[in-house]
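> Below are the chains, spelled out letter by letter.
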Amino acid sequence: MKKRAVIIETKNGVIKDANFGMIACASKGDNTLYAFIINQSGEIFKKELGSYGIEHIVDICIDSDNHENNEKYEKSFNPILFSDAVVQAIKDYEISSIFGLTTPMGKEILPRVAAELEAPLVMDCLDVVKGFESSFNSDSNLDFDLAKTSLYSGKTIATVKVTGDIRLFGIRPNVIEPSSKIDLSQEQLSNITVEKFVAKNRYAEQSNIKLIESRQGDLSGNDLVAADVIISGGRAMKSGENFKILNECANSIENFGISSTTVGASRVAVDLGWVPYRMQVGQTGEKVSPKVYIACGISGSIQHFAGMKMSGMIIAINENINAAIMSNCDYFVEADLFEIVPQLTKELQKERQKS
Amino acid sequence: MKIFVCVKHVPDSAATIVVRGDNQIDEKITFLLNPYDEYAVTEAVKLKKSLLQGHSSSNQIEVIAISVGNNDATKTVRSAMEMGADRGILIKSDLPQDSISTAKALKAAIEQDGNPDIIFTGRESIDMVGMQTMFRLGLYFGFPVVNNIVKFTPDSDLLANRRVVVEALTEAGGRDIYDITLPCVLGAGRGLNTPIYPTFPDVVKARKREIKIVGFDDLVKIENQSQPSSKTEIIKLEMFAEKRIPKEIKGSSSEIAKEIVKILKEEAKVI
Ligand SMILES: Cc1cc2nc3c(=O)[nH]c(=O)nc-3n(C[C@H](O)[C@H](O)[C@H](O)COP(=O)(O)OP(=O)(O)OC[C@H]3O[C@@H](n4cnc5c(N)ncnc54)[C@H](O)[C@@H]3O)c2cc1C
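Line by line, the protein sequences are chains A and B. Using this note's numbering, the first residue of the first sequence is number 1, and each one after it goes up by one. Using this note's numbering, the first residue of the second sequence is number 1, and each one after it goes up by one.
Note that these hints are calculated values from the structure, not bench results. There may be inaccurate statements among the hints.
Restraint-style ranges between C-beta atoms, simulated for each label pair [said to hold, decoys possible]:
1) B:Gln53 with A:Glu339: 51 to 59 Å
2) B:Leu159 with A:Gln40: 39 to 47 Å
3) B:Tyr197 with A:Lys238: 24 to 32 Å
4) B:Leu95 with A:Gln216: 55 to 63 Å
5) B:Ala14 with A:Gly240: 23 to 31 Å
6) B:Lys75 with A:Lys238: 54 to 62 Å
7) B:Glu242 with A:Lys238: 23 to 31 Å
8) B:Ile213 with A:Ile212: 39 to 47 Å
9) B:Asn71 with A:Lys200: 45 to 53 Å
10) A:Ile212 with B:Gly142: 30 to 38 Å
11) B:Asp202 with A:Val198: 51 to 59 Å
Using N, Cα and C, we set each Cβ at its ideal position, and we do this for glycine too.
Put together the whole structure using the sequences plus the hints.
Take a look at the structure:
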């Protein structure tokens, strides 16, 4: 049986939800499923990962015994060092396909690993299926995978044939439904292995590049790409200060404890300096697929749509009935956002008290 | 010092895409310089200017725009020259190429041209969004690679010390700061600079500059590949079906708000 590995991403010690959709995708077909956990103990995730079908957990860590700076390596995440560690683990475990998320971490690790192995990689996959299960297969001896991804600013969906001894896939967070959890028996649980893989520190030998500082971003909020609900503001917000009404609304959704909710923005709101770039949704910002996208005072340009058209539901609040977004959404409200949004927050709070 | 900038000829993000055949698009639309590559060209030209101020003579420092594409891609190479690149190279390929072959072709053509000191790229192309060519290029050369850089600080005596410090954007607005010894490959991210907007005299000057054309197949030979089976290939392209049927929510503000709450709860099930 072929071995597939998923690279697990955690945040503040918890497995990000987006991993489970990726596992569902990787577990299609007859494969032995490995989870690579970088620089953390996998033991604590055993039950959770096992219930989604992971059979083997590999803790990837770095051999730092022979290095004076080991303290520093343990704490910070060094993409060059860890990509190389993943390469070593892939070879050691003879993994044939590697799945990761198309997140800032995935965008660092997957291409570095693919380059090192000279292996094909498709980023931002919406799905991956085995070639032999498809209508594209003329010869059942051919071994290939088919990755679906969106190209040309989200205007087209491409099927990409991927061949090679080792193949890599970056999965877009949130588009693939996780499979339902299985209740593991004691025996099943004890069959899941957790191993430590100690990679050689080949980065230490490299003299032409040094990571001298890692400044952490603001990890307190929810990830834009992984959020269930996004409420975004555009030019109509008029100032950065006014985004507070969106934050309040997001909080009142988050307070139900069901959906991670966060605030996004159009490029105009970013370019005018109202909110940081990491909040930008669109062609040149983040590509998001939340369950619900609420666009407040956003016209719905092609470039904005390129980032949010995969949303489950789009609700547009706009004064102008002729704005493009009003004819390409699920619900629209023709009104002033400054009236609707605070009112919505109020109603959400009322609803929360009821339940 | 040779500074290369890899640029890609991509469909205008606002263009209407029409699928032709199984896996191609109708190319009778506007193509232009990939937006992220504008930051790359700008940074390269800025670096050249600052080195010239440090009294290096202008023929010592060269910015070369290089692209893999069809004949029409000369326009994109020309755009990079209007922004200040000294000359251009087009690696002509009528077929679309995947990241692996693109990186191989770039490596071969750059090497043929001379020893690179810095190779800039954009952080991704907006048409294919492969996010990997810069990493492969770096690996083929054996150069360090940092992608999505938002700050570039050359050593005050770059020609002698050959060192740069760059900041790469990471999760949630974080930054990884690297100290790099040249040569290297750097992928430009948004925020690195404000792209140069060429003036009319820039455009005129660029017309006189040379674009060398080399054949893709002359650079990349299938027979001497280490992993010949490693490949990605678009076999099918379909229009993304927009299937939303908008429904209006009407009423007073509070009625509208109540209705949205109901939708979020009963239909979307997010609260
Ligand atoms: C290469 C390229 C890449 C780009 N990348 C991106 C990207 O990644 N993301 C992105 O968003 N854009 C991107 N753009 C920009 C894009 O073309 C649009 O300019 C931008 O999306 C418009 O932002 P907006 O909808 O906030 O502003 P506008 O288009 O100005 O729309 C504002 C809307 O607010 C409405 N409005 C005003 N006041 C109110 C009110 N009080 N209540 C309710 N509604 C109100 C108006 O009716 C209008 O529809 C890109 C452009 C290019 C060329």
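> Given the hint of 30 to 38 Å, is the C-beta distance from Ile212 of chain A to Gly142 of chain B inside that range or not?
Taking Cβ atoms as reference, Ile212 of chain A and Gly142 of chain B lie about 21 Å apart, which means the hint is violated.
> So does Glu242 of chain B sit 23 to 31 Å from Lys238 of chain A, Cβ to Cβ?
About 30 Å separates the Cβ atoms of Glu242 of chain B and Lys238 of chain A, which means 23 to 31 Å holds.
> Quick check: does the Cβ-Cβ distance between Ile213 of chain B and Ile212 of chain A fall within 39 to 47 Å?
holds, 41 Å
> For Asp202 of chain B and Val198 of chain A, compare the CB-CB distance with the range 51 to 59 Å and indicate the outcome.
holds, 55 Å
> Within 24 to 32 Å: is that where the Cβ-Cβ distance between Tyr197 of chain B and Lys238 of chain A falls?
Given range 24 to 32 Å: holds, Cβ gap about 27 Å.
> If I claimed the Cβ atoms of Leu95 of chain B and Gln216 of chain A lie 55 to 63 Å apart, would that claim hold in this structure?
violated, 44 Å
> Using the C-beta atoms of Gln53 of chain B and Glu339 of chain A, is the stated range 51 to 59 Å upheld?
holds, 55 Å
> Between Leu159 of chain B and Gln40 of chain A, does the C-beta distance stay in 39 to 47 Å?
holds, 44 Å
> Please test the hint of 54 to 62 Å on the beta carbon pair from Lys75 of chain B and Lys238 of chain A.
violated, 39 Å
> Within 23 to 31 Å or not, the Cβ separation of Ala14 of chain B and Gly240 of chain A?
holds, 27 Å
> Has the hinted range 45 to 53 Å been met by the Cβ atoms of Asn71 of chain B and Lys200 of chain A?
47 Å Cβ-Cβ, so the 45 to 53 Å window holds.
Hint check: violations occur at hints 4, 6 and 10; the rest are consistent with the structure.
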